[in-house]
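All chains, full assembly: derive it from the sequences and hints.
Number of protein chains: 2
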Amino acid sequence: MAVSYVHCVQPWRVSSKTRLFFSVGGRCREDRWKSNCLVFASAMNSDVSLNLQSKVEVLLDSVKWDDKGLAVAIAQNVDSGAILMQGFANRDALATTISSQKATFYSRSRSTLWTKGETSKNFINIHDIFLDCDRDSIIYLGKPDGPTCHTGSETCYYTSIFDHLKDQEVEGNRLALTTLYSLESTISQRKEELAAPENGKPSWTQRLLLDDNLLCSKIREEADELCRTLEENEDKSRTASEMADVMYHAMVLLTLKNVKTEEVLEVLRQRFSKSGIEEKRSRKALNYEGNLP
Amino acid sequence: MAVSYVHCVQPWRVSSKTRLFFSVGGRCREDRWKSNCLVFASAMNSDVSLNLQSKVEVLLDSVKWDDKGLAVAIAQNVDSGAILMQGFANRDALATTISSQKATFYSRSRSTLWTKGETSKNFINIHDIFLDCDRDSIIYLGKPDGPTCHTGSETCYYTSIFDHLKDQEVEGNRLALTTLYSLESTISQRKEELAAPENGKPSWTQRLLLDDNLLCSKIREEADELCRTLEENEDKSRTASEMADVMYHAMVLLTLKNVKTEEVLEVLRQRFSKSGIEEKRSRKALNYEGNLP
Numbered sequence: 001m002a003v004s005y006v007h008c009v010q011p012w013r014v015s016s017k018t019r020l021f022f023s024v025g026g027r028c029r030e031d032r033w034k035s036n037c038l039v040f041a042s043a044m045n046s047d048v049s050l051n052l053q054s055k056v057e058v059l060l061d062s063v064k065w066d067d068k069g070l071a072v073a074i075a076q077n078v079d080s081g082a083i084l085m086q087g088f089a090n091r092d093a094l095a096t097t098i099s100s101q102k103a104t105f106y107s108r109s110r111s112t113l114w115t116k117g118e119t120s121k122n123f124i125n126i127h128d129i130f131l132d133c134d135r136d137s138i139i140y141l142g143k144p145d146g147p148t149c150h151t152g153s154e155t156c157y158y159t160s161i162f163d164h165l166k167d168q169e170v171e172g173n174r175l176a177l178t179t180l181y182s183l184e185s186t187i188s189q190r191k192e193e194l195a196a197p198e199n200g201k202p203s204w205t206q207r208l209l210l211d212d213n214l215l216c217s218k219i220r221e222e223a224d225e226l227c228r229t230l231e232e233n234e235d236k237s238r239t240a241s242e243m244a245d246v247m248y249h250a251m252v253l254l255t256l257k258n259v260k261t262e263e264v265l266e267v268l269r270q271r272f273s274k275s276g277i278e279e280k281r282s283r284k285a286l287n288y289e290g291n292l293p
Numbered sequence: 001m002a003v004s005y006v007h008c009v010q011p012w013r014v015s016s017k018t019r020l021f022f023s024v025g026g027r028c029r030e031d032r033w034k035s036n037c038l039v040f041a042s043a044m045n046s047d048v049s050l051n052l053q054s055k056v057e058v059l060l061d062s063v064k065w066d067d068k069g070l071a072v073a074i075a076q077n078v079d080s081g082a083i084l085m086q087g088f089a090n091r092d093a094l095a096t097t098i099s100s101q102k103a104t105f106y107s108r109s110r111s112t113l114w115t116k117g118e119t120s121k122n123f124i125n126i127h128d129i130f131l132d133c134d135r136d137s138i139i140y141l142g143k144p145d146g147p148t149c150h151t152g153s154e155t156c157y158y159t160s161i162f163d164h165l166k167d168q169e170v171e172g173n174r175l176a177l178t179t180l181y182s183l184e185s186t187i188s189q190r191k192e193e194l195a196a197p198e199n200g201k202p203s204w205t206q207r208l209l210l211d212d213n214l215l216c217s218k219i220r221e222e223a224d225e226l227c228r229t230l231e232e233n234e235d236k237s238r239t240a241s242e243m244a245d246v247m248y249h250a251m252v253l254l255t256l257k258n259v260k261t262e263e264v265l266e267v268l269r270q271r272f273s274k275s276g277i278e279e280k281r282s283r284k285a286l287n288y289e290g291n292l293p
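Protein chains in written order, with the UniProt record's numbering: chain H, 1 to 293; chain P, 1 to 293.
A portion of the hints provided could be inaccurate.
If several chains are the same, the list does not tell them apart, and a pair holds so long as it fits within one copy or across any two.
Straight line, CA to CA, 25 Å or less: simulated BS3-like cross-link-like pairs of lysine-lysine [said to hold, decoys possible]:
no., residue 1, residue 2
1, K236, K257
2, K236, K143
3, K55, K257
4, K257, K191
Keep in mind that the hints were calculated from the coordinates and are not lab data.
Owing to the predicted nature of the structure, the values given are computational and were not obtained by experimental measurement.
Okay, here's the thing in structure tokens:
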């Protein structure tokens, strides 16, 4: 099915006084922290925009749309890696996503484009878009403004087949969590259990949650042990093991402070997309005059 | 399309002397570290397997297969969160994935089932399977034995639309990396650049890579600063910021030691799925007699 995308490239059909700034790698001054940004600004001729429009058309032509003019589009959280939702995109939807930087799909039931968040305001703000090797599957890598699922769940994937198959009844839903977030969830659960009536002796995580001195001494100790794997030239497996210890104990502290791992990753993204850590360190290190980044 | 799954439940059509052990949460003694495992073992009647077979049938009935009997199936790395590939599953493919614990798809071009890895031996070993809210999209959450893409790439998603749209030529392919792995990639790149002919003064990351004393002093310092956000009751944003510092500097050490972040997450998964960290700590903490986990 041939799908027109005339309206999609309208933002690039700009006047001779308008230039489309396209910057990748977080170099846009307008928004220091975006790793990829399309910035529409005034005051240049239209050569750049025409060039970009042409590139987009070539790119849209290169996608292997199926017999209904669709490709699978998967929205993924740029920080946590969580798969937020999956829909379908046609040529219009992909073009709109590129230009608007809001994840946009084609609704097969309503035969219309829809931008995630147009009703809920929980947009998925695009940082990059990837095609697979066959060019018939798309990842919208983005940051959601809020829960993605219409049920209010953070993602649409909260039904575990293995939970349903096991004999025990499942209490509530369980999101499809990867390792870091499963650990975070487990630590949070231990914290919640502390508020419940006493059920025997506390677990190790709960002991850490209850004793700031113990927790901080462990974090310092594990960081020291991690360093010693380098200083004393220990093998790789020791390094991985000590780093796991550092992360676990530090995540207990995050849980105590009600800081989500995703918030930490957001800080990291904002920094390293601008070489911010390096910048900060270069400022701190008074004797250092190195290049940035 | 009605799809028979008779062959898929064959493993559960066991003799009266065989029992299917179904365990969730890493409690199987046969494989301490699997967070979810189906273990086929001998010596029980078939009640359990019949019950499970019935549950699988109900579950397969509940999926909203499209007019071709298919649903989208997305394979995701349980540790890194990377989207490895996307295919389609029919009833047979999902049933086979449940029973074999190897990600299995339906090839639309060849009209046959195919298990990822049947040729390359790079299977995707399933840890859990999730359905979305509409029950027409599936996540195969698993651990790949090797690169997933037929090109040898770790994942099939290595074509960035934003890279292709920017004016500069793109050097090589860039995987769809979420924040932690983008940072890891950046640090690795800085390390590789050290081997190249001198290009001005080193960046901060490169200084850390070149000076073990500096790196270790920073890791210890940042761990201490993280602890102080708890001890001195600093606000959440300080905690997130200091944790970002800890992670960045620790990841430089990992890069020096050639340890991948994914390896650390694998250690964490193995531990916390068995409450291993808590177990280890309980052994270490001599005065502690707490319950596990």
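Please list, smallest to largest, the hint numbers that this structure does not respect.
3
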